[in-house]
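Asker: Chain B: place on chain A using the hints.
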Amino acid sequence: MAVKNDIDPAAAKKTILDYCLKKGALVAGVADIKAIERIAPEGHRPSDMWPRAKSVISLGVGGQTQGAWHIPAKALGYFGSTEVRAYTIAYGAAFLIENKFGKRAIYCPPDMDTEAGPRVPFQSLKLHAELAGIGARSLAGDILLHPEFGYMYFASIFTELELEPDPPMQENPCPTTSCVDLFRKTGQTPCMKFCPVQCLSGDIDEDGNQAEMRYDMASCAEMTQQFESVPGVLADAIRAEDEEEREDLLFDAENKILWYKLSVGSGGLLGQCFECMRVCPIANQSPQADPIRRYETRMAAEGDDA
Amino acid sequence: MTRGLKRSQVGMSEEMIQTYGDTIFDLSHNLQIRRGDPVRELNWEEIEKQKEAAGISDVEIARKLGLTHDQVTYIRTIMERRRFNRHNYHRLYDLGGGKRFRTERFVPHPERFTFRPEAIALRKALDFDPRSASKYLKLGHWNGDTVSSWLDKWADKTPDAIAVRGPDGILTYAEQRDSARRLANSLLDIGIQKGDVVAIQLPNLAAFTTAYFGVLMMGGVLSTMHMPYRAGEMKPLLEHACARAIICADAAENYDAPATMLALRDEVTTLEHVIVATGDAPDNALSLRSLIEDGTSHAIENAPVASDPAILCFTSGTSSAPKAVVHSYQTMLANNRIAAPIYGLTADDVVLGGPPFTHAFGLCVLNFTLMAGATSLLMPAFSPPGLIDLIENGKPTVVFVAPAHVAACMKSGHLDSGDLSSIRIATISGSACPPDVAYALEKAMPNGAVGQMWGMTECFMGLHTPFDGPADIRCETLGGTTPTFEARMVLENGDIAPDGEEGELEIRGCSVIAGYFNNADANRTAFTGDGWFKTGDLACRDANGSVQITGRAKDLINRGGIKINPVDIEAVIDRHAAVLMSAIAPIPDDVLGERACVYVELQPDNSLTLEEICSWLEENDIAKMKWPEKLEIVARMPLTPTRKIIKGALKPT
Chain A
272 MAVKNDIDPA AAKKTILDYC LKKGALVAGV ADIKAIERIA PEGHRPSDMW PRAKSVISLG
332 VGGQTQGAWH IPAKALGYFG STEVRAYTIA YGAAFLIENK FGKRAIYCPP DMDTEAGPRV
392 PFQSLKLHAE LAGIGARSLA GDILLHPEFG YMYFASIFTE LELEPDPPMQ ENPCPTTSCV
452 DLFRKTGQTP CMKFCPVQCL SGDIDEDGNQ AEMRYDMASC AEMTQQFESV PGVLADAIRA
512 EDEEEREDLL FDAENKILWY KLSVGSGGLL GQCFECMRVC PIANQSPQAD PIRRYETRMA
572 AEGDDA
Chain B
205 MTRGLKRSQV GMSEEMIQTY GDTIFDLSHN LQIRRGDPVR ELNWEEIEKQ KEAAGISDVE
265 IARKLGLTHD QVTYIRTIME RRRFNRHNYH RLYDLGGGKR FRTERFVPHP ERFTFRPEAI
325 ALRKALDFDP RSASKYLKLG HWNGDTVSSW LDKWADKTPD AIAVRGPDGI LTYAEQRDSA
385 RRLANSLLDI GIQKGDVVAI QLPNLAAFTT AYFGVLMMGG VLSTMHMPYR AGEMKPLLEH
445 ACARAIICAD AAENYDAPAT MLALRDEVTT LEHVIVATGD APDNALSLRS LIEDGTSHAI
505 ENAPVASDPA ILCFTSGTSS APKAVVHSYQ TMLANNRIAA PIYGLTADDV VLGGPPFTHA
565 FGLCVLNFTL MAGATSLLMP AFSPPGLIDL IENGKPTVVF VAPAHVAACM KSGHLDSGDL
625 SSIRIATISG SACPPDVAYA LEKAMPNGAV GQMWGMTECF MGLHTPFDGP ADIRCETLGG
685 TTPTFEARMV LENGDIAPDG EEGELEIRGC SVIAGYFNNA DANRTAFTGD GWFKTGDLAC
745 RDANGSVQIT GRAKDLINRG GIKINPVDIE AVIDRHAAVL MSAIAPIPDD VLGERACVYV
805 ELQPDNSLTL EEICSWLEEN DIAKMKWPEK LEIVARMPLT PTRKIIKGAL KPT
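Going line by line, the protein sequences match chains A and B.
For the first sequence, the numbering used here begins at 272 and goes up steadily by one.
For the second sequence, the numbering used here begins at 205 and goes up steadily by one.
Excised from the complex, chain A in its bound form:
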């Protein structure tokens, strides 16, 4: 890798972000790494992973299609795998940075910290995206939302290349007017009301802004994170009083899915139930959250260019 010293940071930033958008990202930006360092918990800061990182680039890809919001949750759970598209773009962007600018870059692993267990990620991609100005925290457990693109999946790139950070978003789209109205009437926004484990609660101030967001992540995890079930099922099976009970525990359809996931299966069971996003007016009804509308916008723009 040939190191280049005559890099124009502004031009480089444009090249990288354009690459991300061209490859399918809906939004991309640069987060202030110093801010991340101050906010992220110890052990999960960029410097804990790579002390030489100077910039964090964050990008977001579209989430669900309009049709997806109308299918049962047990099937929608599998749509978490669409985040792979974001990772692919980030992976390519890291190569682009190294090839084009001669600066080291990594695609930030979105996985869990193997020392901390499966509920703790290496890095908060959400924090990166928020500080990069491509999403704002919602009442739905801090899931990031975008006023144009709604609900997205995010990926990050760390690089030694110094890039000018973007500011966080000026406005937070959450809560919308309709959510505020429902909250005023019932004390709950749609995401709170329809959460199947009631893990969301909070408050909205007089101006219609978020006053408090409470997220019981452990309860949320009970819906989908079946890794906790595997040892539980095995422990119960060991303690089973008889063969009939043991057979029930180990071989009922639901538990057999666990073994299936451990052996040949993948996807699903690792995401969320999506109910909070399914009912969120920003997540799926923002102007460009709808892929059909996005296509129309793009076509119109291309028409203008022509």
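Treat the hints with care, as some may be off.
Below 30 Å or equal to it, Euclidean Cα-Cα: the simulated DSS-like pairs (lysine-lysine) are [claimed, not checked]: (1) K303/B <-> K615/B; (2) K532/A <-> K647/B; (3) K210/B <-> K532/A; (4) K599/B <-> K615/B; (5) K325/A <-> K253/B; (6) K527/A <-> K342/B; (7) K527/A <-> K328/B; (8) K303/B <-> K456/A; (9) K374/A <-> K294/A; (10) K374/A <-> K293/A; (11) K305/A <-> K268/B; (12) K527/A <-> K456/A; (13) K305/A <-> K255/B; (14) K439/B <-> K758/B; (15) K325/A <-> K255/B; (16) K398/B <-> K527/A; (17) K268/B <-> K397/A; (18) K325/A <-> K397/A; (19) K253/B <-> K305/A; (20) K397/A <-> K255/B; (21) K328/B <-> K345/A; (22) K371/A <-> K285/A; (23) K599/B <-> K647/B; (24) K615/B <-> K828/B; (25) K738/B <-> K328/B; (26) K527/A <-> K303/B; (27) K830/B <-> K397/A; (28) K439/B <-> K345/A; (29) K758/B <-> K828/B; (30) K345/A <-> K371/A; (31) K767/B <-> K738/B; (32) K830/B <-> K767/B.
Just so you know, these hints were derived from the structure itself, not from any lab.
Answerer: For chain B alone, coordinates are given in the frame of chain A:
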């Protein structure tokens, strides 16, 4: 374990988990609280202030609590496991695709579908030979039909057609379903669960059909109690069935059913509810009418399926120890489907069933009628003039009766004087039918044909005559085996009897039960290992395949080694002018082992001696060795609900 270390290696104890567990869990990301929007606004003061509320890392928690990083990770992950509720995953199944979570409507899955241990135990009676079950399923003899699905079919297709016409009301199919649904929902509301047994002691009324459909609709198992039964007979049956509720009639002059049932409720541990179907319910009892009126009419969520138990009947046979017969929808309804072509029932038919619904024969008739979408014409109690009057006014097209019904009408003269022109087919069943009885009925029906059917609670219909066959086949035999059934006569030595020779009738088919509920002794003697049911009836088959029942195996009298079958002798005695009905049963004898005793119920204002009986038998060419050697005059013959004589109840003075 963290980093492969045991808890002791990181200096951990259970006490430490207990001490710090909740604090660590709350400080971690497992509970996240944010006030305002400090990160987006880069409000550093608030960010710092809210760090702990947002969830801090293990190393930060360790520093705060004075523990090691490993200890915190260990405790946090242990707490995550201990607090994890696996069953919340099931909520996913109720979401999306048009379904929304509603706190107020949500019932946790483990609480949704529960069966009592008694209900599970009852299912063990449905222990079919897997080869037979596989065959019946493959051939379609067993399918997914339930009584509710048949009722739904007609309530949707012909909602205004009359389903039931009885002295207590007329119900269309739509009304019948609505009242049954309301009752079903009310039963669920009072705590009756799917698989629970609900007993019933009611005559053939519209209230019975509503109870029948309602109980079955919510997945209950209906256990029938015959009308003559009183507390002494019912208590062991209710206990055996583990009945959860009983439906009965209101108090009558000679029988206070509600009071009897309320007293039984104190004695039968499982019995919780007494439901009075007619009239007003006393204190501590429920009113069937109120349950129907108060119930909601929405469809049942966890409706029964075809393999579920549907009814539990106690055999009415002459055995002194009744046996509990559990039929699933598959065994019960298969018989109706298979026999349907024989009867050619249509929705235009009006069906009069003589046998009570508390008997399997009665339920079989009710299901037949339902299957065709026809009308059930109800007869709550039998008397010769009552039956003939009902036929003349109700104009049934199809009639099911027992030989005793017809014989009584013959003796009273009502059979000859009545107008039976509406009847196109009449089936005689319930006990062996003397040919003259069958011929007499056919003669009385200018537009109808008589047929015979043999069945038992354990198998429903197993033999039948075709209605288009010659009169001698229809009136003198039971015809052939019902389609898909197999029948064989077995000799005492276990060999199969050749045509023309008497043997014990054994039957096999898709409506034969797997065994009696909770009666291993009876199962050992009544069932072979390969699906044959030993009926206890003696029969022989002629060269044409027609079967005649010749008696009951256990009714044979062993007089010094000579077996006497009393059936033919009883038939002759019954023809004597002074006799209303007769039965011959053995009495012990020191020399011969057994001798024959004849029990006679006389016609009013008549008398009879043993000598006169023997002369009558001699006149009718009955061999002297078969003559009874003792006579007992009985005031009233003990009868089963299908008017079959209970020989076990006959004792010499």
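Asker: Please work out if K305/A and K268/B have their alpha carbons no farther apart than 30 Å.
Answerer: At roughly 24 Å apart (the allowed maximum being 30 Å), K268/B and K305/A satisfy the hint.
Asker: Run the distance test for K374/A versus K293/A: straight-line Cα separation, threshold 30 Å.
Answerer: With a Cα-Cα distance of about 21 Å, the restraint between K374/A and K293/A holds, given a limit of 30 Å.
Asker: Sort out whether K397/A lies within 30 Å of K830/B, counting only the CA atoms.
Answerer: Measuring from Cα to Cα gives roughly 100 Å; hence the hint is violated.
Asker: Would the hint linking K325/A and K253/B be met if the CA-CA limit is 30 Å?
Answerer: holds (27 Å)
Asker: Take a quick look at whether K439/B and K345/A sit within 30 Å of each other, Cα to Cα.
Answerer: violated (50 Å)
Asker: Decide if the proposed pair is consistent with the structure: K599/B and K647/B, CA atoms, cutoff 30 Å inclusive.
Answerer: Holds: K599/B and K647/B sit about 17 Å apart, inside 30 Å.
Asker: Is the straight-line distance between the alpha-carbon of K527/A and that of K303/B 30 Å or less?
Answerer: holds (26 Å)
Asker: Is the straight-line distance between the alpha-carbon of K303/B and that of K615/B 30 Å or less?
Answerer: With Cα atoms ~67 Å apart, K303/B and K615/B exceed 30 Å; violated.
Asker: Are the Cα positions of K758/B and K828/B separated by 30 Å at most?
Answerer: holds (22 Å)
Asker: Holds or violated: are the alpha carbons of K371/A and K285/A at most 30 Å from each other?
Answerer: Satisfied, since the Cα-Cα distance of roughly 13 Å is no more than 30 Å.
Asker: K527/A and K328/B were given as a pair; does the straight-line alpha-carbon distance stay at or below 30 Å?
Answerer: holds (26 Å)
Asker: Is the Cα-Cα distance between K398/B and K527/A 30 Å or less?
Answerer: holds (27 Å)
Consistency note: the structure conflicts with the earlier hints numbered 1, 2, 12, 21, 27, 28 and 30.
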